[in-house]
Amino acid sequence: MSHKEKKKRKKKYRGFWLFVKLQIVLILLVIGGLAYYYFGGYASQVSAMHEEAVRFVKESTKDTFRAEQTSQVYDVNGTRIMSLRGTKDVSYLTSDEIPEEVKEAMVSIEDKKFYSHGGIDFKAIIRAVWAMVRNGEVTQGGSTITQQLARTIFLNNDRTWQRKMEEIFIATELEKKYTKDEILEFYLNNIYFGNGYYGIQAASRGYFDTDVSFLSLSQMAYLCAIPNNPTMYNPYKNPDNTLGRRDRILKNMYEDGKISRREYKDARQETIVLSTAEPTKRYDAVETYACYCATRALMEQQGFEFRTDFSSEEDRKTYEDAYQEQYKTCEQSLYTGGYRIYTSIDLNMEEQLQNAVDEKLQDFTDVNEEGIYTLQSAAVCIDNETGFVKAIVGGRSQEYDGHMLNRAYQSYRQPGSAIKPLIVYTPALERGYTPDTVVEDAPIEDGPENASGRYLGSVTLRYAVENSINTVAWNLLEEMTPVTGISYLKEMNFAKLSPEDERPAASLGGFTNGVSPVEMAAAYATIENDGKYREPTCIVEIQDADGNAIYQKIVDEKQVYKTNAARWMTNILEGVLTQGTAKGLALSETASAAKTGTTNSNKDGWFVGYTKYYTTSVWVGYDIPAELPGLTGASYPGEIWYDYMENLHKELPYADFVAPLGTGNDADAESGTDVTEGNAAENDTTGDNTAPAEEERR
Numbered sequence: 001m002s003h004k005e006k007k008k009r010k011k012k013y014r015g016f017w018l019f020v021k022l023q024i025v026l027i028l029l030v031i032g033g034l035a036y037y038y039f040g041g042y043a044s045q046v047s048a049m050h051e052e053a054v055r056f057v058k059e060s061t062k063d064t065f066r067a068e069q070t071s072q073v074y075d076v077n078g079t080r081i082m083s084l085r086g087t088k089d090v091s092y093l094t095s096d097e098i099p100e101e102v103k104e105a106m107v108s109i110e111d112k113k114f115y116s117h118g119g120i121d122f123k124a125i126i127r128a129v130w131a132m133v134r135n136g137e138v139t140q141g142g143s144t145i146t147q148q149l150a151r152t153i154f155l156n157n158d159r160t161w162q163r164k165m166e167e168i169f170i171a172t173e174l175e176k177k178y179t180k181d182e183i184l185e186f187y188l189n190n191i192y193f194g195n196g197y198y199g200i201q202a203a204s205r206g207y208f209d210t211d212v213s214f215l216s217l218s219q220m221a222y223l224c225a226i227p228n229n230p231t232m233y234n235p236y237k238n239p240d241n242t243l244g245r246r247d248r249i250l251k252n253m254y255e256d257g258k259i260s261r262r263e264y265k266d267a268r269q270e271t272i273v274l275s276t277a278e279p280t281k282r283y284d285a286v287e288t289y290a291c292y293c294a295t296r297a298l299m300e301q302q303g304f305e306f307r308t309d310f311s312s313e314e315d316r317k318t319y320e321d322a323y324q325e326q327y328k329t330c331e332q333s334l335y336t337g338g339y340r341i342y343t344s345i346d347l348n349m350e351e352q353l354q355n356a357v358d359e360k361l362q363d364f365t366d367v368n369e370e371g372i373y374t375l376q377s378a379a380v381c382i383d384n385e386t387g388f389v390k391a392i393v394g395g396r397s398q399e400y401d402g403h404m405l406n407r408a409y410q411s412y413r414q415p416g417s418a419i420k421p422l423i424v425y426t427p428a429l430e431r432g433y434t435p436d437t438v439v440e441d442a443p444i445e446d447g448p449e450n451a452s453g454r455y456l457g458s459v460t461l462r463y464a465v466e467n468s469i470n471t472v473a474w475n476l477l478e479e480m481t482p483v484t485g486i487s488y489l490k491e492m493n494f495a496k497l498s499p500e501d502e503r504p505a506a507s508l509g510g511f512t513n514g515v516s517p518v519e520m521a522a523a524y525a526t527i528e529n530d531g532k533y534r535e536p537t538c539i540v541e542i543q544d545a546d547g548n549a550i551y552q553k554i555v556d557e558k559q560v561y562k563t564n565a566a567r568w569m570t571n572i573l574e575g576v577l578t579q580g581t582a583k584g585l586a587l588s589e590t591a592s593a594a595k596t597g598t599t600n601s602n603k604d605g606w607f608v609g610y611t612k613y614y615t616t617s618v619w620v621g622y623d624i625p626a627e628l629p630g631l632t633g634a635s636y637p638g639e640i641w642y643d644y645m646e647n648l649h650k651e652l653p654y655a656d657f658v659a660p661l662g663t664g665n666d667a668d669a670e671s672g673t674d675v676t677e678g679n680a681a682e683n684d685t686t687g688d689n690t691a692p693a694e695e696e697r698r
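For the sequence shown, the UniProt record's numbering gives the first residue as 1, with consecutive numbering after it.
No lab work stands behind these hints, which were simulated from the structure alone.
Hints should not be assumed to be uniformly reliable.
Unchecked claim - Ranges of calculated distance between the beta carbons of each label pair, as one might list FRET restraints:
1. Lys176 x Lys112: 20 to 26 Å
2. Met480 x Glu370: 40 to 46 Å
3. Lys317 x Ser216: 56 to 62 Å
4. Arg307 x Glu351: 33 to 39 Å
5. Asn368 x Lys113: 57 to 63 Å
6. His403 x Ala48: 44 to 50 Å
7. Lys176 x Glu370: 51 to 57 Å
8. Ile372 x Ser312: 34 to 40 Å
These numbers come from a predicted model, not from an experiment.
Positions of the beta carbon are idealized from the N, C-alpha and C atoms, including for glycine.
All chains should be modelled from the sequences, with the hints used to inform the complete structure.
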């Protein structure tokens with residue numbers, strides 16, 4: 001043996017004995033330290049820690065370890081389209097649902113003695129104590145899987161001896177109460193995998209866009225590499241570190257006999273490709289609306305009574321305070337309860353509606369200080385057979401951090417003449433008026449003007465609707481009283497009605513707060529549905545984290561309008577598209593009916609129309625109301641509606657509306673006065689006396 005080899009061997013032995021001596025010293029230090037703490041004045045504190053640990057674990061149940069879970073939202077076909085996350089993204093799996101390879105990979109890298117220890121690895125503790133002695137604080141880990149679980153669920157991340165002692169006590173108690181499989185299940189569902197993902201399922205969906213059961217061995221090992229240090233092993237920022245640790249895990253699994261040599265080699269050679277397919281931006285409006293509807297569904301399930309009619313402002317405020325409190329509670333539960341939310345949303349229809357909005361407004365590129373397009377739109381499509389919302393657009397598409405305003409249900413705007421069929425004409429048809437009833441278009445003292453400045457004298461009711469004559473609507477509402485007209489909106493749960501709305505100006509859309517596109521779509525769908533109202537929602541069913549159905553939407557119908565009145569209204573509204581304010585926008589593939597609406601100074605444009613199949617409402621305007629030259633209900637809103645609905649009905653059979661009952665005397669007895677297409681469009685605009693200027697701005 002050469003001198004060099006002897007020297008190397010001597011150095012090796014010296015290092016070995018130094019390590020042995022160090023281990024002995026550290027063990028003595030730990031024992032001495034614990035004895036000092038216990039007998040030197042810390043006995044009561046240590047005892048209290050132990051008692052608290054016993055209480056924590058005794059009071060725990062399996063639900064303790066699934067307290068915050070990510071809820072999943074599914075479309076009409078049962079395809080997962082998004083996640084609703086609280087502060088954590090968690091998707092809980094039972095032990096049977098977690099692949100064995102995941103369990104073996106995590107144990108091989110984090111806690112080889114997991115199945116043999118009682119919650120504590122004493123050698124690891126010695127290493128942590130020695131680090132504390134050297135540095136004055138705990139700087140190294142060494143915790144078992146059970147200790148990590150204890151820290152994750154019951155403790156914080158403080159690096160103190162007290163926290164370490166609590167962790168040890170809780171870990172030993174957990175081992176007494178739960179099986180190893182249960183502990184590993186709890187651990188794999190709660191440990192942090194970086195980038196907001198908690199638990200193996202959330203990590204799998206986040207990084208690979210699929211459930212963990214579909215991952216390869218290499219992908220499973222890759223995920224198990226992250227929790228040890230989510231920053232160091234961040235797949236996006238430090239991919240080489242993550243791959244290196246993956247390889248170490250695979251080697252451990254091979255050496256432990258968990259995988260074959262061939263599996264080991266193949267897994268190491270597999271290229272890792274991370275997913276970037278999370279659809280949060282594309283379906284932002286769907287997420288916010290689904291959350292809103294699901295929250296209200298949970299409120300309903302818990303017995304909350306919704307109201308839209310109030311005896312006073314004090315009554316309204318009391319209700320709104322109770323509503324907001326309950327809403328916040330249910331919304332928080334929605335984001336953390338691990339619910340499975342099944343919706344009626346059809347993503348093909350959603351994309352078609354969004355594209356129609358974006359394409360029609362693409363020339364308007366001005367943005368505000370936040371980078372949001374100033375000219376906006378919102379649209380809603382309802383399935384007339386079921387009453388469910390199929391598509392919802394809250395604004396124009398653009399990149400934006402966080403959620404954008406969903407104008408389809410969060411914005412309330414003046415509806416202009418689009419309100420006339422709801423509170424004037426269908427109620428009038430209920431009271432004996434017919435399409436052929438002759439009404440007077442004449443100046444009204446202290447009333448509205450027609451936008452054209454012209455008055456046509458005697459016209460039929462049908463003609464007045466088709467050409468959106470303001471004076472006729474005003475007189476009819478005064479005759480039956482504004483209270484009566486507004487009562488129909490109350491029956492259809494319009495949320496922002498005010499006692500001040502009960503005046504003739506409401507006939508032209510002069511409201512204190514306004515209406516939403518969702519409300520307008522549901523109201524027109526009521527006319528198509530023979531006068532029967534169905535509360536709009538996109539929620540079909542909600543299941544809890546265990547797959548139990550806790551809410552199933554039962555579609556209740558309320559008869560708001562008489563059947564024959566609704567059918568005659570549809571019959572009249574068909575003419576709006578063929579010879580009225582929206583001439584030229586009738587669909588070619590099926591029968592269609594619609595109404596336009598434009599507010600003073602062209603600040604809001606509305607188009608609400610329907611077929612036997614679907615009802616779609618469209619609004620266009622600025623978030624801060626301002627004039628848009630050329631805006632009418634039939635311009636941008638009508639063109640969006642037409643493009644979307646024409647495309648939507650291409651593959652559907654032609655369907656006529658149900659004919660109204662009665663004498664069959666539906667002759668179009670117009671006044672005989674010639675009205676050009678241009679004048680018809682102008683007449684759709686509400687007159688100068690629609691509402692005070694302040695209300696116009698709201």
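Here's how the hints hold up against the structure:
With their beta carbons about 22 Å apart, Lys176 and Lys112 fall inside the hinted range of 20 to 26 Å. Taken as a hint, the range 40 to 46 Å holds for the pair Met480 and Glu370, whose Cβ atoms sit roughly 45 Å apart. A beta carbon spacing of about 58 Å between Lys317 and Ser216 agrees with the range 56 to 62 Å that was offered as a hint. For Arg307 and Glu351, the hinted distance range of 33 to 39 Å is satisfied, since their beta carbons lie about 36 Å from each other.
Restraint check, Asn368 to Lys113: a C-beta distance of roughly 60 Å satisfies the suggested window 57 to 63 Å. For His403 paired with Ala48, a C-beta distance near 45 Å keeps the hint of 44 to 50 Å intact. For the pair Lys176 and Glu370, the beta carbons lie near 55 Å from each other, so the given range of 51 to 57 Å is met. Checked against the given bound of 34 to 40 Å, the beta carbons of Ile372 and Ser312, roughly 37 Å apart, stay inside it.
Checked against the numbered hints above, the structure violates none of them.
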